[in-house]
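Protein sequences appear in the order of chains A and B. Following the numbering used here, the numbering of the first sequence begins with 1 at its first residue and continues without gaps. Following the numbering used here, the numbering of the second sequence begins with 1 at its first residue and continues without gaps.
Hints are not guaranteed to be accurate.
Taking lysine-lysine pairs in the DSS-like style, the calculated list, with each CA pair at most 27 Å apart, reads [as the list claims (entries may be wrong)]:
#	chain 1	residue 1	chain 2	residue 2
1	A	351	A	65
2	B	49	A	65
3	A	30	A	53
4	B	49	A	208
5	A	224	B	27
6	A	53	A	267
7	A	65	A	53
8	A	351	A	384
9	A	351	A	95
10	A	330	A	351
11	A	267	A	288
12	B	49	A	351
Label-pair ranges, simulated between beta-carbon atoms [unchecked claim]:
#	chain 1	residue 1	chain 2	residue 2	range
13	A	213	B	19	42 to 48 Å
14	B	59	A	353	56 to 62 Å
15	B	84	A	101	53 to 59 Å
16	A	268	B	84	55 to 61 Å
17	A	353	B	8	38 to 44 Å
18	A	165	B	11	32 to 38 Å
19	A	266	B	76	35 to 41 Å
For the record, the hints were derived by calculation from the structure and aren't laboratory data. For every residue, glycine included, the Cβ atom is placed at its ideal position computed from N, Cα and C.
Listed below, chain by chain, are the residues.
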Amino acid sequence: MRRYSVFALAREGFRQHSGWDRAWSSPAPKSRYDVVVVGAGGHGLATAYYLGKNFGITNVAVIEKGWLGGGNTGRNTTIIRSNYLQDPSAAIYEKARSLYEDLSQDLNYNVMFSPRGVMMLAQTPHEVRGYKRTAEANALQGVETEFIGPERVKELCPIIHIEGPRYPVLGALWQPRGGTARHDAVAWGYARACTAMGMDIIEQCEVKGVHSANGHVTGVETTKGTIGCDKLAIVVAGHSSVLAQMAGFRLPIESMPLQALVSEPIKPCMDVVVMANTVHGYMSQSDKGEMVIGGGTDSYNAYTQRGSFHHIEETVRALIETFPIISRLKMLRQWGGIVDMTGDRSPILSKTPLGNCFVNCGWGTGGFKAIPGSGWAMAELVAKGEPGPLAAAFGLDRFREGRFIDESVAAGVAH
Amino acid sequence: MLTLTCPHCGVQADETELSAGGEAHLKRFGPGSSEEELEGYLFARENPKGPHFERWRHAYGCGKWFLAARDTATNQVFGTYPASEAQPADTLRDLVTASRPGWMWRDFGGEA
Chain A
1 MRRYSVFALA
11 REGFRQHSGW
21 DRAWSSPAPK
31 SRYDVVVVGA
41 GGHGLATAYY
51 LGKNFGITNV
61 AVIEKGWLGG
71 GNTGRNTTII
81 RSNYLQDPSA
91 AIYEKARSLY
101 EDLSQDLNYN
111 VMFSPRGVMM
121 LAQTPHEVRG
131 YKRTAEANAL
141 QGVETEFIGP
151 ERVKELCPII
161 HIEGPRYPVL
171 GALWQPRGGT
181 ARHDAVAWGY
191 ARACTAMGMD
201 IIEQCEVKGV
211 HSANGHVTGV
221 ETTKGTIGCD
231 KLAIVVAGHS
241 SVLAQMAGFR
251 LPIESMPLQA
261 LVSEPIKPCM
271 DVVVMANTVH
281 GYMSQSDKGE
291 MVIGGGTDSY
301 NAYTQRGSFH
311 HIEETVRALI
321 ETFPIISRLK
331 MLRQWGGIVD
341 MTGDRSPILS
351 KTPLGNCFVN
361 CGWGTGGFKA
371 IPGSGWAMAE
381 LVAKGEPGPL
391 AAAFGLDRFR
401 EGRFIDESVA
411 AGVAH
Chain B
1 MLTLTCPHCG
11 VQADETELSA
21 GGEAHLKRFG
31 PGSSEEELEG
41 YLFARENPKG
51 PHFERWRHAY
61 GCGKWFLAAR
71 DTATNQVFGT
81 YPASEAQPAD
91 TLRDLVTASR
101 PGWMWRDFGG
111 EA
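The whole structure should be built from the sequences, with the hints applied where relevant.
Below, the structure written as structure tokens:
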């Protein structure tokens with residue numbers, strides 16, 4: 001595959017851009033692969049990419065029931081941060097954030113990582129204490145964060161109403177190297193890099209069953225026929241329970257819709273990401289000028305990819321209180337993704353009761369930021385059959401052993 | 001917006017009037033049970049894409065708990081019944097079977 005570069009751009013400019021290769025191929029499946037990854041979203045593609053890059057395993061297929069990056073990778077609000085309280089979370093999210101820093105160079109694909117800074121507002125005395133604690137924990141973990149006062153919040157983001165009637169801004173947890181990235185480009189970039197290593201990305205190919213013999217996985221039954229494999233990686237976010245049922249085990253996961261919406265584009269007015277967890281809302285401005293808004297999940301299981309209208313109302317109501325400037329903005333689009341929530345709000349990267357079958361799921365409301373680190377850790381788990389240091393704490397056995405990585409307290413609603 | 005009929009007071013309540021209580025018909029395992037049983041009770045869930053039985057409370061109404069059968073892929077509601085019922089009635093199961101032949105939920109199921 002030809003590299004993208006300024007010279008390639010110049011060369012194509014002289015011949016009406018007729019010589020660009022397809023970024024990824026979508027071939028018919030072979031009968032057998034060393035590893036089959038189910039789910040061509042960010043996490044699945046990153047898993048395949050680091051299997052090839054770090055472990056030299058390239059006889060890999062990534063199969064996808066819809067289109068590439070069409071699940072939660074294409075539906076999130078693109079926030080990247082790593083200011084978590086617990087050590088295992090900070091380790092894997094910070095690995096991901098640091099990989100994002102030079103992901104464009106690594107993949108030779110511009111993922112538009114924009115480390116514009118993320119602030120999580122503290123709007124109750126309880127949150128002030130919580131975020132100060134997180135800042136101290138982050139200092140020990142080597143994650144660069146800082147607790148800042150309300151004046152600094154106003155300086156970094158002038159459109160915030162500091163002295164709101166219900167929840168005045170008392171400070172914020174500020175991560176200057178957090179930010180956003182172009183979500184589709186992350187999926188496309190990984191897909192292109194996987195194709196360059198000779199992997200097959202097979203879209204429109206839904207898994208209908210999992211084949212096993214003597215307690216080990218032998219392949220998957222799909223809408224494009226049977227595909228044999230030595231190892232199977234299930235990386236399907238909201239549909240993890242459905243795949244787990246095919247593989248014959250249950251997961252500690254409940255799937256719920258999480259919604260996001262964008263406004264009409266306006267002039268640049270906000271160059272940081274702001275999360276307000278007490279009032280359930282977060283917002284950033286895209287490069288096109290749209291205000292990108294997210295809120296809390298629905299309260300009950302569903303696979304509808306729509307979500308309940310009253311949650312949008314609550315999110316928008318909270319954000320208008322914090323950002324009065326947006327009160328007359330028209331909203332352009334709204335959508336939902338299905339997030340896979342675990343009991344402790346931390347992900348699962350684990351072996352399963354079925355031999356050579358591995359799961360990567362449970363990222364809940366905050367998977368996008370973790371894509372490179374998740375793929376890195378999952379590739380190690382799949383290649384070696386045992387978790388490495390990043391994944392070790394995220395095994396399924398933690399629910400039996402009571403070894404939770406409790407981030408529901410650390411981060412409130414928005415992850 | 002999701003609307004459920006409270007089987008206790010008969011009110012057709014929309015979801016802002018209700019609070020969701022998760023999977024229904026869980027068997028409680030407490031002290032003395034095995035680790036596997038306790039883990040299953042606390043964490044493992046069916047989380048099906050299809051017919052599901054779940055708990056709801058009519059929080060801003062009569063305040064009572066009830067159970068509902070709902071398809072999680074479409075939000076179609078098959079029916080509701082009081083939380084005191086240990087199993088969904090056969091008539092409700094038949095209703096689910098009529099629109100989702102071959103459904104399975106734990107050991108409840110309809111004939112294909």
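Checked hints:
1. A:351 - A:65: 23 Å, holds
2. B:49 - A:65: 15 Å, holds
3. A:30 - A:53: 22 Å, holds
4. B:49 - A:208: With Cα atoms ~13 Å apart, residue 49 of chain B and residue 208 of chain A stay inside 27 Å; holds.
5. A:224 - B:27: 40 Å, violated
6. A:53 - A:267: Violated, at about 41 Å.
7. A:65 - A:53: 25 Å, holds
8. A:351 - A:384: With a Cα-Cα distance of about 11 Å, the restraint between residue 351 of chain A and residue 384 of chain A holds, given a limit of 27 Å.
9. A:351 - A:95: 21 Å, holds
10. A:330 - A:351: 46 Å, violated
11. A:267 - A:288: Holds: residue 267 of chain A and residue 288 of chain A sit about 9 Å apart, inside 27 Å.
12. B:49 - A:351: Holds, at roughly 23 Å.
13. A:213 - B:19: 42 to 48 Å: 46 Å, holds
14. B:59 - A:353: 56 to 62 Å: Given a distance of about 37 Å, which is not inside 56 to 62 Å, the answer is violated.
15. B:84 - A:101: 53 to 59 Å: For residue 101 of chain A against residue 84 of chain B, whose Cβ atoms are near 57 Å apart, the range 53 to 59 Å holds.
16. A:268 - B:84: 55 to 61 Å: Check passed, 58 Å falls within 55 to 61 Å.
17. A:353 - B:8: 38 to 44 Å: 40 Å, holds
18. A:165 - B:11: 32 to 38 Å: 33 Å, holds
19. A:266 - B:76: 35 to 41 Å: 39 Å, holds
In this structure, the earlier hints numbered 5, 6, 10, 14 are contradicted, and the remaining ones agree with it.
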